[in-house]
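*Asks:* Chains as they are written, first to last, in the numbering used here: chain L, 1 to 730; chain E, 1 to 730.
Misleading hints may appear alongside valid ones.
[What the hints assert, rightly or not] The calculated lysine to aspartate or glutamate pairs, modelled on DMTMM-like cross-linking and capped at a C-alpha distance of 20 Å, are:
#1 L:Lys554 x E:Asp72
#2 E:Lys599 x L:Asp80
#3 E:Lys269 x E:Glu356
Quick caveat, the hints were computed from the structure, so don't treat them as lab data.
Number of protein chains: 2
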Amino acid sequence: MRSFVCLLCLLLMGLVLFAQPQHPLTFLKKNEVTQLRKNIALYPLLNTSFQEVKNQVDKYVGKDVDVPFPKDAAGGYTHDKHKSNYTLMFNSGLLYNITGEAKYATLVKNMLFKYAKLNPTLGKHPQATSATPGHLFWQALNDANWMVYAGMAYDLIYEACLPKEKKIIEDGAFKPEVDYFIKDMPVWFDLLHNHAVWACAGVGMIGIATNNQEYIDLALYGSKKDKKSGFIAQMDHLFSADGYYTEGPYYLRYAILPYMLFATALQHKDPTLNIFAHRDSILHKALITCLQQTNTNGVFFPINDAIKDKDYTTNELVTAISISSTEYGIEDGLLTIAKKQNRVMLNSGGAAIAKEIAARNDISPYFPYKTIESVDGDSGTTAGVSILRNGKNENLSSLIFKYTTHGMSHGHFDKLNINLFDDGNEILTDYGSARFIGIEQKWGGRYLPENVAYAAQTIAHNTLVADETSHFKGDGEVGEKYHSEKLFSDVSNPEIQVVAAKEVNAYKDIRMQRNEYMLELPSGKKLLIDVFHAFSANKHQYDLPFQFNGQFIKASFPYQPNTQNLETLGKANGYQFLWKEASAKVKDTLAQFTFLNGKSYYTISSLIQDSAAIYFTRSGANDPNFNLRHEPALIIRKNGSNQTFVNVIEIHGKYDAVNEFSTDAYSSVKKINIIRNDDKMTIVEVVMAAQKIWIAQTNEDFNPDNLHYFSNDTLKFQWKGPYQVNVHKE
Amino acid sequence: MRSFVCLLCLLLMGLVLFAQPQHPLTFLKKNEVTQLRKNIALYPLLNTSFQEVKNQVDKYVGKDVDVPFPKDAAGGYTHDKHKSNYTLMFNSGLLYNITGEAKYATLVKNMLFKYAKLNPTLGKHPQATSATPGHLFWQALNDANWMVYAGMAYDLIYEACLPKEKKIIEDGAFKPEVDYFIKDMPVWFDLLHNHAVWACAGVGMIGIATNNQEYIDLALYGSKKDKKSGFIAQMDHLFSADGYYTEGPYYLRYAILPYMLFATALQHKDPTLNIFAHRDSILHKALITCLQQTNTNGVFFPINDAIKDKDYTTNELVTAISISSTEYGIEDGLLTIAKKQNRVMLNSGGAAIAKEIAARNDISPYFPYKTIESVDGDSGTTAGVSILRNGKNENLSSLIFKYTTHGMSHGHFDKLNINLFDDGNEILTDYGSARFIGIEQKWGGRYLPENVAYAAQTIAHNTLVADETSHFKGDGEVGEKYHSEKLFSDVSNPEIQVVAAKEVNAYKDIRMQRNEYMLELPSGKKLLIDVFHAFSANKHQYDLPFQFNGQFIKASFPYQPNTQNLETLGKANGYQFLWKEASAKVKDTLAQFTFLNGKSYYTISSLIQDSAAIYFTRSGANDPNFNLRHEPALIIRKNGSNQTFVNVIEIHGKYDAVNEFSTDAYSSVKKINIIRNDDKMTIVEVVMAAQKIWIAQTNEDFNPDNLHYFSNDTLKFQWKGPYQVNVHKE
């Protein structure tokens with residue numbers, strides 16, 4: 001009988017062993033570790049990355065690491081401590097697997113014990129100001145970050161824990177956090193939004209680490225497990241089919257991390273899910289699209305809320321590139337970035353990158369930037385964003401033309417906005433966001449009130465404002481219901497690239513249409529021709545701002561500077577933040593304004609038909625806490641029902657301050673004429689010093705096969721499709 | 001008879017040959033060329049420098065180079081053309097010697113022929129606005145530049161010219177220019193000033209190139225040859241004995257070029273002059289002092305008029321370093337800079353540098369910056385400038401304390417001014433100069449009216465302004481008569497460095513004394529303690545501005561922001577250019593202001609005894625042409641007869657925007673007390689979070705051997721000499 005019982009025990013234990021997968025299996029697989037250990041000795045970049053992690057962790061080994069009771073907002077001690085704690089636990093877990101040294105497991109275990117004691121005692125964080133408060137942190141999002149990393153850390157030392165230790169950790173450190181998300185905040189957990197991606201990844205990661213299939217299912221399919229939310233739905237609905245993330249590249253930079261980390265754990269846990277292949281390898285498309293949406297210096301384009309300090313050397317992108325290299329293989333463009341990151345993750349993808357970098361001397365210092373057009377929306381709407389590019393390496397010019405959906409809670413009211421980057425610099429700028437992330441004195445590192453009040457408003461962008469009111473009257477919920485519509489584009493010829501889009505919902509009685517032409521003339525000169533129509537049955541005041549970044553060099557028109565007294569340009573909708581530095585009344589003229597940025601001159605040449613006002617403004621008014629940057633803009637104001645703005649933005653000349661040379665410092669645009677402009681078509685003539693350019697475009701019929709005609713006494717055009725550009729040497 | 005005549009001819013020819021030295025002998029010596037040719041094949045940096053010159057010149061070989069009739073101001077076509085022409089001639093002359101190819105001599109010759117035709121026809125330049133107009137250029141200074149380079153170019157092809165060609169060039173291209181300087185502008189030619197250094201070098205260079213001893217003597221000893229002016233006097237009087245150039249490093253950057261070039265030609269022409277050894281090798285001292293007066297990024301400190309774009313990679317410094325290496329030998333610090341310049345001159349010094357760079361892999365990426373104190377004045381006045389330094393490489397902190405003479409026509413009204421550089425950035429700034437050099441649209445590239453009206457005024461600096469009036473009432477001629485006086489300094493301990501200076505002439509009834517302490521605490525924290533006394537028998541309004549460069553983080557005191565309407569801080573003396581963004585009334589408190597620059601926080605903690613006003617201002621008012629940068633300042637205003645400003649400027653914390661960490665973001669200064677303050681001594685106590693610092697200083701007796709005592713109920717100090725700093729851990 002006794003032996004029978006023993007046999008039964010053994011059988012049961014065997015079943016348990018069989019049912020319980022071997023750990024680790026979130027970030028690393030057990031069988032990955034041996035090879036990794038060998039590669040660390042072989043490849044310098046992997047080695048230095050390992051040493052960095054080791055140096056960081058070794059400072060804490062054998063010490064009592066503080067796990068403080070939550071008190072401070074972002075930037076404060078307890079916030080930063082819990083943040084550095086989860087990284088420390090993850091890194092120490094990695095080291096335990098790589099080195100086999102028990103001290104690293106002990107470090108993690110002791111910290112998790114402290115969390116096991118702390119977490120059940122926690123309620124809403126004392127500094128919580130959002131609708132989704134956290135426990136360890138002021139917002140639940142940061143708790144989710146903690147869950148992803150603490151979950152991986154636990155998985156990495158799982159095999160070093162006794163059953164009773166496991167119980168303490170799982171019940172104490174993890175269950176209260178998971179319960180809080182699932183039971184107290186299911187609505188938030190079920191959102192399709194970057195916060196919820198983190199939340200699902202957090203719950204799911206803990207599920208995999210603790211062998212809890214229920215948690216995994218909640219993470220994959222939502223709190224109701226109805227697949228309307230959860231990680232799979234987040235993969236299906238937050239990206240367009242070509243990988244554009246609806247919140248924009250700055251937020252994808254952040255969201256790519258839980259996507260990649262949880263997908264890795266899922267791949268290890270259940271390869272049959274084939275998660276990395278899901279939706280035609282959407283995670284790979286997302287990564288590449290996100291990297292294409294950076295400037296040559298690696299900074300993410302400021303689409304929607306975005307802090308301009310962030311570039312692709314952030315930890316999120318290091319992780320994403322190492323994982324992508326594991327799952328999708330090595331790619332040249334990613335090697336370029338990995339080299340700049342100068343760091344890889346301690347996994348097989350990181351090892352593969354380090355091996356390539358050690359072996360190859362032909363890795364380009366430049367990411368292969370190209371013209372890229374992305375749809376925005378999960379089911380192929382006509383919304384999207386086009387990035388037109390010309391030139392290469394340092395001399396790349398990138399025009400961003402945004403006709404997306406609103407972009408969720410971080411969206412700005414900037415329908416049909418454009419931005420220009422050139423020579424590595426932001427030339428026509430987007431304010432980005434008003435936030436000092438991680439700086440406690442600046443409202444606990446949160447988004448500042450000026451973010452919604454100014455940075456998100458239409459006037460802070462480079463697109464049309466009617467009647468000093470933002471698009472959708474500045475109501476994000478209304479904005480979420482609509483999207484702009486791409487009319488056509490043609491980027492087949494790098495010397496003549498064109499995109500057109502329209503927006504009919506931002507103002508109820510105004511149809512806006514913008515055609516952007518990015519040209520390279522035979523001389524090599526680059527210029528943009530920007531044709532912006534506002535059609536309405538009613539009279540409006542139309543403001544078209546150009547947020548320029550550079551030194552004012554010369555205006556061709558007389559203006560009245562406000563030299564002794566400044567007032568604001570307006571009272572609301574962002575206008576209250578603008579000082580009116582100068583104003584001009586112009587009539588039937590070509591108004592030209594030249595500024596200098598770095599080594600290049602830029603001239604905006606604006607056709608003024610009838611009369612208009614021009615303002616030079618600078619942000620910084622109504623800013624009692626000095627939260628805003630002080631940035632200049634040129635604003636062209638016209639009144640009427642239908643109005644067309646034709647602007648030529650020219651990149652010209654070279655300025656060398658060191659050697660005191662300045663060449664081609666003057667605009668070549670001599671005149672702009674509108675030859676015809678009505679519902680059907682617009683014909684624009686740009687007279688330059690050495691050539692004439694004609695733009696013929698249709699305004700209603702965008703069928704690529706239809707023929708169009710125009711003739712007058714001196715000109716005759718016939719073209720097929722929605723546009724034609726002719727350049728004639730004089 | 002026939003053979004006798006022939007013999008006589010030969011003898012005469014021999015005499016002529018004997019009397020005429022072999023050319024070239026200005027920039028290169030004939031015997032230098034063969035070795036140079038060999039070295040070009042051997043050393044990569046010399047080779048690429050040669051190829052750059054060759055590529056530049058080859059574009060013009062066989063072409064008809066335009067020598068236009070002068071018309072435009074700086075930045076315009078004719079200005080830039082004549083400027084590029086003289087470089088082209090010089091470079092082509094070099095190539096003729098190195099390659100032996102006649103086409104390079106022909107290029108120079110043809111251009112000089114055109115100048116020989118043009119120059120005799122020229123009068124005052126049509127764009128001349130200065131008192132010293134040029135012929136080829138708007139100002140005579142640029143004509144002098146042309147003479148130096150055209151003179152060297154002619155010398156380089158001298159041997160390739162027929163006697164009649166020489167006559168055409170010497171009479172046509174050169175004589176009118178020399179005559180214009182000597183006969184029409186002797187007063188200017190005889191100045192002790194960077195323009196006249198160029199003028200003398202120009203005349204002297206042409207003298208050496210054309211074997212005209214008269215020109216050489218005029219250049220060396222002045223238009224009256226009385227040695228009161230001319231090149232030797234310029235070497236004797238424009239530098240202090242330790243190599244500080246009275247106009248400051250930005251202008252020495254410019255003046256070092258004619259000094260070095262003409263000295264080279266003199267050395268070749270008449271080695272007995274031993275010009276490079278003159279005044280204890282003053283040219284070498286000048287070069288090293290000038291390089292010590294740069295920031296870690298190579299930009300010259302903005303002492304006096306200075307454009308902040310200029311760094312030590314300019315052509316002037318490339319030339320100076322190559323020549324210094326020829327004449328004074330190779331030095332490690334210069335190799336560091338030569339490597340950053342990535343270019344050498346085609347002479348034996350350039351070859352020696354290229355050889356070292358090819359052979360050595362231990363050249364530091366950092367110039368050996370150190371604390372350096374320079375006297376200003378040819379005969380050892382008490383005026384000067386101290387640069388206190390702490391830390392090294394990227395973490396270098398440099399405090400500039402200026403107690404110089406006025407600095408001639410480019411001087412600013414900034415007695416006892418300080419500037420701080422840290423972590424590669426300018427933290428407490430100097431506006432520099434208001435000028436867009438080489439940009440025609442900005443007043444022909446000249447100094448803008450705002451240069452004198454704002455940039456030179458006291459309020460644009462970090463020093464005391466009494467009664468909203470600049471030092472010397474803003475009169476440069478008065479300022480030239482006086483200088484500040486150093487009281488003492490002690491820089492022997494890098495952790496406690498101190499300099500004190502006084503100024504008694506800037507305001508007729510005010511004695512100003514400033515003591516600067518640059519401390520490194522045992523914790524490694526760096527801070528400045530700035531004690532600024534104003535002693536007067538009469539009541540005054542005293543303003544102490546801190547021009548800070550960074551993001552406003554937090555002020556400890558309540559202030560009234562001007563959110564809807566801005567007015568200027570004052571009406572004149574630079575105050576009219578400042579918008580008053582906020583003002584505060586403070587009383588008996590510690591007023592603290594924290595800002596962020598790059599990765600570091602900086603806090604100014606100001607002791608307010610009794611009452612004071614504090615203003616936050618920004619430059620940019622009264623600037624109808626948008627010539628000024630918009631830069632913030634904190635201004636502390638006190639009223640009274642005697643006033644003491646005690647400010648602690650603390651460098652603290654780290655901000656990492658990419659990884660969202662912010663540490664040590666708050667000031668550690670808790671309190672500042674003045675324990676005693678009178679004519680005799682000042683005792684200051686700074687209470688910090690973890691220690692107390694006491695500063696005891698004398699205000700009248702600076703004898704290093706005298707003993708001083710202070711005691712009250714709780715404190716007792718005894719010290720020797722003019723100061724004592726005690727740091728006590730709490």
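*Asks:* So, for every hint listed, does it hold in this structure?
*Replies:* Comparing the hints with the structure gives:
1. L:Lys554 x E:Asp72: 17 Å, holds
2. E:Lys599 x L:Asp80: 17 Å, holds
3. E:Lys269 x E:Glu356: Violated - the C-alpha atoms of glutamate 356 (chain E) and lysine 269 (chain E) are around 28 Å apart, more than 20 Å.
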